[in-house]
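Asker: In order, the protein sequence lines correspond to chains A and B. Last residue of the first sequence? That's 153 in our numbering, and every number before it is there in order. Last residue of the second sequence? That's 576 in our numbering, and every number before it is there in order.
The hints are simulated quantities; they were obtained by calculation from the structure and are not laboratory data. Think of the CB as a built atom: it goes at the ideal place given N, C-alpha and C, for glycine as much as any other residue. Please note: incorrect hints may appear among the correct ones.
[Claimed, not checked] From the structure, some residues in chain B lie toward chain A, with a derived Cβ separation under 7 angstroms:
#, residue
1, S323
2, P350
3, E352
[Unchecked claim] Here are the simulated DMTMM-like pairs of lysine to aspartate or glutamate, each with C-alpha atoms no more than 25 angstroms apart in a straight line:
#, chain 1, residue 1, chain 2, residue 2
4, A, K142, B, E420
5, B, K157, A, D117
6, B, K355, A, E108
7, B, K553, B, E510
8, A, K110, B, D175
9, B, K396, B, E430
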Amino acid sequence: MEVPKLEDVIEFLPRTNCQKCGMTCAEFAEFLISGDLSPSDCPVLHEPEWAGYIEALEEILAPLKERASTGMVINADLCNGCGICVSVCEYNTANSESGRLGKGPQWEEKVAIRVVDGVLVLADESLCTRTTQAADKCTKCKDHCPTNAIDYL
Amino acid sequence: MSEKILRSIVCPGCSCLCDDIDIRVSGGSVLQINNVCSWGIGRFVGGKKFAQKKERKRPEGHYISDKKERIAVSVDEACAKAAHIIEKSKRIFIYGLCQCGNRAQARIYEMGKRLNATFIPSEGPLLTLFLKQSVQNGFSLCTLEEVRNRADVVVFWGANPIHSCPRLVSRYAIFARGRFTERGEEDRKAFIVDLQPTELTKLCNEVILKDGNDLALLKAIRKLLKGEKPDNYGTVKPRHARKLAEALNEGLYIAFFCGRGPFYGEEGETFLRELIELVKFLNREKNCVLLPLATDFNTVGFYHVILRNADVDFLKNSVMHDVRSWEPRTGDVIIGLGSDFVWFLSDEQKRAMKEKEVRIVSISSYETLTHVNSSVALSCAMAGIEVEDLCFRLDSIPVKLSAIMEPVFPADWEILEKLDALL
Ligand code: SF4
Ligand code: SF4
Ligand code: SF4
Ligand code: SF4
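For reference, chain A alone in the conformation it holds in the complex (with noise of 0.2 angstroms):
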């Protein structure tokens, strides 16, 4: 799964800067991939000469839809279910004792990641630390991760 990049969707937006949407198109682009607007809400995209790009663009954002509300996106053909990214987690450090001795988590073990059929997944959202973080939120998982497997957006 490609995670778009803030160019490849200003690409595919007027370039105008018009402002009819409230603002220009470089920060109605984050907007898009923050979630907060989506491409329908620009008003020039409705317009004939700009057909098609509407679907375009929402086929560039559609990896963000497996986005978790911590901002996390793990791209799953990079992972290879090395497991640093789980035994270096802050949440799982501190509460799977397995987990901090290098096992995996046992089954009913409660964790925010574990690898499940060869791959990372976040197993309880909830538990991830970056939810109760204001600023300075974790990123130990990334850091760690030698394929680069995961990212925030």
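The hints should help you fit chain B with the ligands onto chain A, whose structure is shown.
Answerer: Chain B with the ligands only, in chain A's frame:
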């Protein structure tokens, strides 16, 4: 069908043999596997090692082939044909031996020895040299749990564990916490010595050997440790070499994991001797261990069979350490055990095999290129998935493999028993 969870199952995906795999099964099907990496999942659900989303084909029966056709036969008929081919051959080679359980390894060792066969273990370029050196010089090994509990300096030399044993670093070597390493990675210094940056570079100190001159780096480190000034660092940045030497100097428990990297060149054996000298030198004042980083799930098991039999002559006379040294001749037969050896041959060897009409007897759980092109294809169950067996982890610890699914074919050791009885 009622569901159940099988707990703490061992994964026969690589030599790490992770023992924390939980599997939810229903009837004969696997529904979910927790804690297994993407390599291991391939083993459980039949995917390919480096592309687990691609299905790995299993054979549908046992086969005898001639130039024209491939005929499905019973296991007894296939064994009889294999015995006939082996008996008529002039030289017997046994290749593979690392991706099967210890019972098959012990059985083929006995059989091959009696038949005066030459053994070519698929991980021979690394392990045969290590075993020879351990017999001649000896070196200190330890368990992976000991690495987790005590190692404060870990060096991966010519090895990328993310590719050879994906969970090794999270379970034992870098991130896991232990008795004297309670803060995990913060209590350890990790180094990776390689030709180029790898996935682990972002998590470790790197020492890049642009020209692959491992020996020059080793010698420089020995000098630095003795307080002398090296005159040659090879292509390594002097500050990287100094950082590694400093860590070795300060560390209390050092673990070297050595991969195949340094053994591709001519100087592999000299490098290993020097590395063992370094380990011995460090052991005078601290603990230092050396572990060959085997990849296949039971490479170490075959070497245990040799050690169990205290068979030093066998190692000298009957083991070829690299399949690339084999020169095919008329009258040769290759018995492939759990390995797709055709992949590892040079084009010249493949051509010569055809020309000299070398026959192949393949014993495999998968429909590999070798299995398809063999004169006799004996299909076997998968150890650790369909049949129980014993195998040896990369640190030599014996581990029991369980059976979680019903086998369609007999175990490899049962096939070998039948074959052996005919020879
Ligand atoms: S309305 Fe559309 S074209 Fe105008 S600034 Fe906003 S995004 Fe750009
Ligand atoms: S962000 Fe922190 S707490 Fe959340 S899953 Fe990653 S490591 Fe765990
Ligand atoms: S997300 Fe990264 S660190 Fe986590 S299991 Fe996958 S590859 Fe390993
Ligand atoms: S690291 Fe090896 S043994 Fe562990 S789960 Fe992966 S393939 Fe299986």
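Asker: Does the nearest C-beta of chain A fall within a distance shorter than 7 angstroms of the C-beta of E352(B)?
Answerer: Holds. Min distance 4 angstroms.
Asker: Checking hints one by one. Is S323(B) an interface residue toward chain A, by the C-beta closer than 7 angstroms rule?
Answerer: 4 angstroms, holds
Asker: With a cut-off of 25 angstroms on the C-alpha distance, tell me whether K355(B) and E108(A) pass.
Answerer: 32 angstroms, violated
Asker: Compare the distance between the alpha carbons of K157(B) and D117(A) with 25 angstroms, and conclude whether the hinted pair is satisfied.
Answerer: Judged against 25 angstroms, a Cα distance of about 16 angstroms means the pair holds.
Asker: K110(A) and D175(B): Cα distance at most 25 angstroms?
Answerer: 15 angstroms, holds
Asker: With a cut-off of 25 angstroms on the C-alpha distance, tell me whether K553(B) and E510(B) pass.
Answerer: 40 angstroms, violated
Asker: Within a Cα-Cα threshold of 25 angstroms, do K396(B) and E430(B) meet the stated pairing?
Answerer: 20 angstroms, holds
Asker: Min Cβ distance, P350(B) to chain A: is it shorter than 7 angstroms?
Answerer: 11 angstroms, violated
Asker: Within 25 angstroms, alpha carbon to alpha carbon, are K142(A) and E420(B)?
Answerer: With a Cα-Cα distance of about 40 angstroms, the restraint between K142(A) and E420(B) is violated, given a limit of 25 angstroms.
The structure shown violates the earlier hints numbered 2, 4, 6, 7.
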